[in-house]
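Here the protein sequences come in this chain order: D and G.
Just add 116 to wherever you are in the first sequence, counting from 1, and you've got the working numbering.
Just add 849 to wherever you are in the second sequence, counting from 1, and you've got the working numbering.
The reader is advised that the hints may include incorrect statements.
[As the list claims (entries may be wrong)] Cross-link-like lysine-lysine pairs, in silico, DSBU-like; alpha carbons within 35 Å at most:
| hint | chain 1 | residue 1 | chain 2 | residue 2 |
| --- | --- | --- | --- | --- |
| 1 | G | K877 | D | K525 |
| 2 | G | K937 | G | K877 |
| 3 | D | K503 | G | K934 |
| 4 | D | K419 | D | K440 |
| 5 | D | K549 | G | K934 |
| 6 | G | K934 | D | K532 |
| 7 | D | K215 | G | K912 |
| 8 | G | K956 | D | K507 |
The set of hints was computed from the structure by calculation and includes no laboratory data.
All values reported here derive from a predicted model rather than from experimental measurement.
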Amino acid sequence: MENNYYQPEIECADRETIRKIQSERLVSMVKRCYENVPFYTRKFDEMGIKPDDIKSIDDLSKLPFTYKTDLRDNYPFGLFAVPKEDIVRIHASSGTTGKQTVVGYTRHDIEIWSDSVARAIAAAGGTKKDLVHIAYGYGLFTGGLGIHYGAERLGAATLPVSSGNTVRQIQILQDYEPDIICCTPSYAAYIGETCRDMGIDTKELPVRAGIFGAEAWSEGMRENIEKLLNIKAYDIYGLSEIAGPGVSYECSEQNGMHVCEDYFYPEIIDPDTGKVLPDGQQGELVFTCIAKEALPLVRYRTKDICSISHEKCSCGRTLVKMMKPQGRTDDMLVIRGVNVFPSQIEYVLTKLGMEPNYLLVVDRVNNHDTLEVQVEMTSNTFSDSVKDICKLESKLAAALKTTLNIGAKVVLVEPKTLGRSEGKAKRVVDNRKI
Amino acid sequence: MLINQLSIFIENKPGRLSEITETLCKHKIDIRALSIADTTDYGILRLIVNKPEEALKALKEEKITVSLTHVIAIAIPDVTGGLNKAVKVLSSKGIAIEYMYAFLNPKSQTACVILRVEDNEKAIASLQDGGIQIMKSDQVYTI
């Protein structure tokens, strides 16, 4: 297949050119952070770092890390580096408690994010002649709008279907004949199986490629999706704190994802010591948003575990590759494409005056993720009335839906069922085989 | 006039009920009356026992989810129409019954009916006005 680049001047640039760009951008970014973000001013001062100490990308490891808790502590807009009038977009994703993680973008930030996604779509063979079917949710989550703006940037036509209503998604695939589909991998498999159950031959559908992300997926799942939908399935990675989808993307080699490192500089570190690790070694993925204006995060710890590689890629791109994340350093789950932190459940329970004793049981049925929240029924929340207990269950389910942004089945259990463990309690049972 | 009924939360799993009866047996608690409200996933076991405070303590020690609920016990003659009379008194005064369960008292040829209502005081006054006998707690615990 002929290689399709959106910005070959950077995607295939020599390493020296890329490095020069990164150094320039880092130096400028550090100044912006120090001058405009009180959080970073304090942090740099505490560590005795002056913006002038950073002369090139090699000095990056002198800088402190940024954590999700820093975003939470400065909720909602405390880490923004520009005045309100320069913000053109706000997105939010799951936080670790009741508050979401809020991110902002200037016009320039939207442009670089869109460029990144355009690169991803081009790498999947997309061109301005294509119709891109977007079945990621549109809203505060970065998935839908992220792909949308990237597709428009490329010059392709967008089909902003959003998620849900699978029969309609299939009708659209048949009637509007999109060329590329974008959604979560489990939803892609679900669409494929629904087509099969409806007796629709996906070989007849013009869609030829899919770009899937927002949750972990294996080579086994890729094979399954490619077979069910008769397409080539590409991976895409991102997180709202850095931009959204498009931080990295798979190419025709389908072996690792090229990082838009001219915008989002990656490092792999030892999560315990913070030491930067060499290529090929697994560790925590860290990004520095060297080109962003609104929320230029310094060495943001993603908690995703993977390795990076500068090895030559057959696609011709020279941008560093990251391998598929192999897990997390925390207990975050991704359920139906949504990030869920067990601590969010704790937050809801304590807010409702209940003991935070619970167990999350995650499963996947027909490619659809399910979440069951088992909650302890203790004497102080217990009522002699079935009606009252039902009310409590409903209240709990509604509160969880509001905080988690996905629906969960609430099951009240006896204290004995959850048991007590010495040390950290087991809070999650994930029965999915991804 | 108010009876202490034990209300116990049980999951719909084999063995859960026997844990409770085992605990009560161990502490030499006698059950006088029993009823279970069941739903798909759990049930509420309601018990009248001879020593409710002791039973509560023993069950709590076993980490069983339990509480005490105030219910009313009435004694009605074991004849046709006996229950009808009592129920009519309550409905005439607009008193809703949340739940009830009944058992025969072999010693006195009466039936004992346990009632959970929203307003105990109002219900007791209405029943007494209507000539229905309210049982005292020690009478119930030692049936």
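Hint check results:
| no. | hint | result |
| --- | --- | --- |
| 1 | G:K877 - D:K525 | violated (39 Å) |
| 2 | G:K937 - G:K877 | violated (38 Å) |
| 3 | D:K503 - G:K934 | holds (28 Å) |
| 4 | D:K419 - D:K440 | holds (13 Å) |
| 5 | D:K549 - G:K934 | violated (63 Å) |
| 6 | G:K934 - D:K532 | violated (44 Å) |
| 7 | D:K215 - G:K912 | holds (34 Å) |
| 8 | G:K956 - D:K507 | violated (41 Å) |
The structure is inconsistent with the numbered hints 1, 2, 5, 6, 8, although it conforms to all the rest.
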